Amino acid sequence: MSHRARDADPPEPASSRAVVLARILVPIALGVVGYAVLISERWEVDHELQLVAPDRVRPGDPIPLRAFVFDGIDDPDGGELVAAQVDVELRDGERVLARTTLDTSRARSSEGALAPPDDATDARLDLVASARDDDGALLATVTRALTIEPDAPPAPLRGRVGLPLQQIDVGPVIAEATGVPLPPLEVRVAGGACVPEERCALWIDAGDADTITIEETPAASVGERSTRDGALVRLVVVPHGPEASVELVASRLGQPLARRTVRLPIALATPWIDAPRVVSSMPIPLEAHPPVGREVLTADLFYEGRWIATATLDPARPELPFDVGPGLYRVEVRADPFGGERAAARYVLVAPAGSDLALHDTRELLRREDVELTDREGTEPRLLLAGAEEEVRTLPSAISGLEDDRRMVAERRRRLHFVAGLALGLGIAVLAMSLLRRGLFAAAEARDVMHEAGDPEARSVRARARTTLAVIAIVGAVAVALLAGAALILARAALVTG
1 MSHRARDADP
11 PEPASSRAVV
21 LARILVPIAL
31 GVVGYAVLIS
41 ERWEVDHELQ
51 LVAPDRVRPG
61 DPIPLRAFVF
71 DGIDDPDGGE
81 LVAAQVDVEL
91 RDGERVLART
101 TLDTSRARSS
111 EGALAPPDDA
121 TDARLDLVAS
131 ARDDDGALLA
141 TVTRALTIEP
151 DAPPAPLRGR
161 VGLPLQQIDV
171 GPVIAEATGV
181 PLPPLEVRVA
191 GGACVPEERC
201 ALWIDAGDAD
211 TITIEETPAA
221 SVGERSTRDG
231 ALVRLVVVPH
241 GPEASVELVA
251 SRLGQPLARR
261 TVRLPIALAT
271 PWIDAPRVVS
281 SMPIPLEAHP
291 PVGREVLTAD
301 LFYEGRWIAT
311 ATLDPARPEL
321 PFDVGPGLYR
331 VEVRADPFGG
341 ERAAARYVLV
351 APAGSDLALH
361 DTRELLRRED
371 VELTDREGTE
381 PRLLLAGAEE
391 EVRTLPSAIS
401 GLEDDRRMVA
411 ERRRRLHFVA
421 GLALGLGIAV
431 LAMSLLRRGL
441 FAAAEARDVM
451 HEAGDPEARS
461 VRARARTTLA
471 VIAIVGAVAV
481 ALLAGAALIL
491 ARAALVTG
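Here the sequence shown stands for residues 1 to 498, numbered as in the numbering used here.
Simulated from the structure, these hints should not be mistaken for laboratory data.
Remember, it's a predicted structure, so these values are computed and weren't measured experimentally.
Cβ coordinates follow ideal geometry from the N, Cα and C atoms, glycine included.
You may find that some hints are simply not true.
Label-pair restraints from in silico Cβ distances [stated by the list, open to error]: (1) Glu-149 / Gly-72: 35 to 43 Å; (2) Pro-242 / Ala-316: 27 to 35 Å; (3) Leu-373 / Asp-151: 16 to 24 Å; (4) Ala-410 / Glu-149: 34 to 42 Å; (5) Thr-211 / Pro-59: 17 to 25 Å; (6) Glu-44 / Leu-373: 52 to 60 Å; (7) Gly-60 / Gly-425: 56 to 64 Å; (8) Ala-481 / Gly-72: 42 to 50 Å; (9) Leu-157 / Ser-226: 25 to 33 Å; (10) Thr-178 / Glu-364: 35 to 43 Å; (11) Glu-149 / Thr-211: 51 to 59 Å; (12) Pro-117 / Glu-44: 34 to 42 Å.
Could you put together the complete structure from these sequences and hints?
Quick look at the structure:
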């Protein structure tokens, strides 16, 4: 009897096009997915991107940006700052409002500014930064929330770091003559602090005294001849250590009138800078010296107390590369690109020809800075500015995208493991179906052979059920074993990749 005559037995499975394709494509897909799972075990977040940017700005104000890319963040010795291309986008949800590529500085950081669109007012947005290598491969990302609002506050002021004997202290005015009014001898230090072994300018209200001198000591000496402008005397001293005091002597017609002891504020590990009080054109000239052991200086610009620009200075030409309009600006220079409180500070009035601004507007301009003015009305503007330089503006803390990047990689692994699980399940299902069809066909052939050999029970319902159940049990056991193996592989991948 031929196989075609056995209508009761399962026919030989047809090699349909779908089955053939499945047998070819499923193993290929399993191989690709398995390779991807193995590769995913090597996925590591080995770069970190940190972004320094304000979290609140006023409409129309530029958004200053500074970024740092670290490599080898899991090294026991710590990560290394590396140069990379950093792109920053200002987003409202998924909509990109503005974008820029930051400039790489001499300090291997990245810096620049982003101009928000004019219609971005009272908005909650996101700054999204990404770092890429020279080949365009993504290294790291970071996101910072940003609010644009008219009442964005100025950067907070903070006192300088120093020991008690490194803080300014002005003693009482002691009379040296009788019957004459005492000169005010109000003293302010330009920049708010002196740097050891650098020139330090003192602004002194001399009143009716015609000369102001200091008595030199081992701790401080005269740096330049004094100059006078009205009642204001500029006296330059050079401190020679971490602590220094000077004694001012006011005289008239060669006769001492009064003395006053001043303990100088000393700023250690801080740059020294000098800049004109008033400029009429850009760029703003600057003289700057880094502290011992440092070479690179970073300048930050503030307007009305808000941080608006940042740049790394050129050691050969340390001018301020900022293009700004008329107004009173605060310049802070740091040797540490990551910020900090050790900063040299200067106020500079930008007053182009034809501008109505002048130094006599200082008090009103400082009020816009949210500076607390304790000097009496009528105090000379240069004294006001020097007094306002005693504290430093605090820059925002750097925001790291490391944890977000790690979560993103972990999510990619989870998705890949899910796809791998589906592919393995599909492959096992195709294999089980193929084995089942072949097993049932082989069982039918065996029953035919036994029937032709004279076994009357070979084609009975009971025999068919017994052989079918045996095939199903064997195929099921194989499928369960394969599923268990696949589960172990995926579980290991999940454990290895965290």
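Now for the hints, and whether the structure bears them out:
1. Glu-149 / Gly-72: 35 to 43 Å: 39 Å, holds
2. Pro-242 / Ala-316: 27 to 35 Å: 30 Å, holds
3. Leu-373 / Asp-151: 16 to 24 Å: Once the Cβ atoms are compared, 21 Å apart, the range 16 to 24 Å for Asp-151 and Leu-373 holds.
4. Ala-410 / Glu-149: 34 to 42 Å: 35 Å, holds
5. Thr-211 / Pro-59: 17 to 25 Å: 52 Å, violated
6. Glu-44 / Leu-373: 52 to 60 Å: 54 Å, holds
7. Gly-60 / Gly-425: 56 to 64 Å: 57 Å, holds
8. Ala-481 / Gly-72: 42 to 50 Å: At roughly 43 Å between Cβ atoms, Gly-72 and Ala-481 fall inside 42 to 50 Å, so the hint holds.
9. Leu-157 / Ser-226: 25 to 33 Å: Given about 30 Å between the Cβ atoms, the range holds.
10. Thr-178 / Glu-364: 35 to 43 Å: 41 Å, holds
11. Glu-149 / Thr-211: 51 to 59 Å: Distance hint for Glu-149, Thr-211 holds at roughly 53 Å.
12. Pro-117 / Glu-44: 34 to 42 Å: 38 Å, holds
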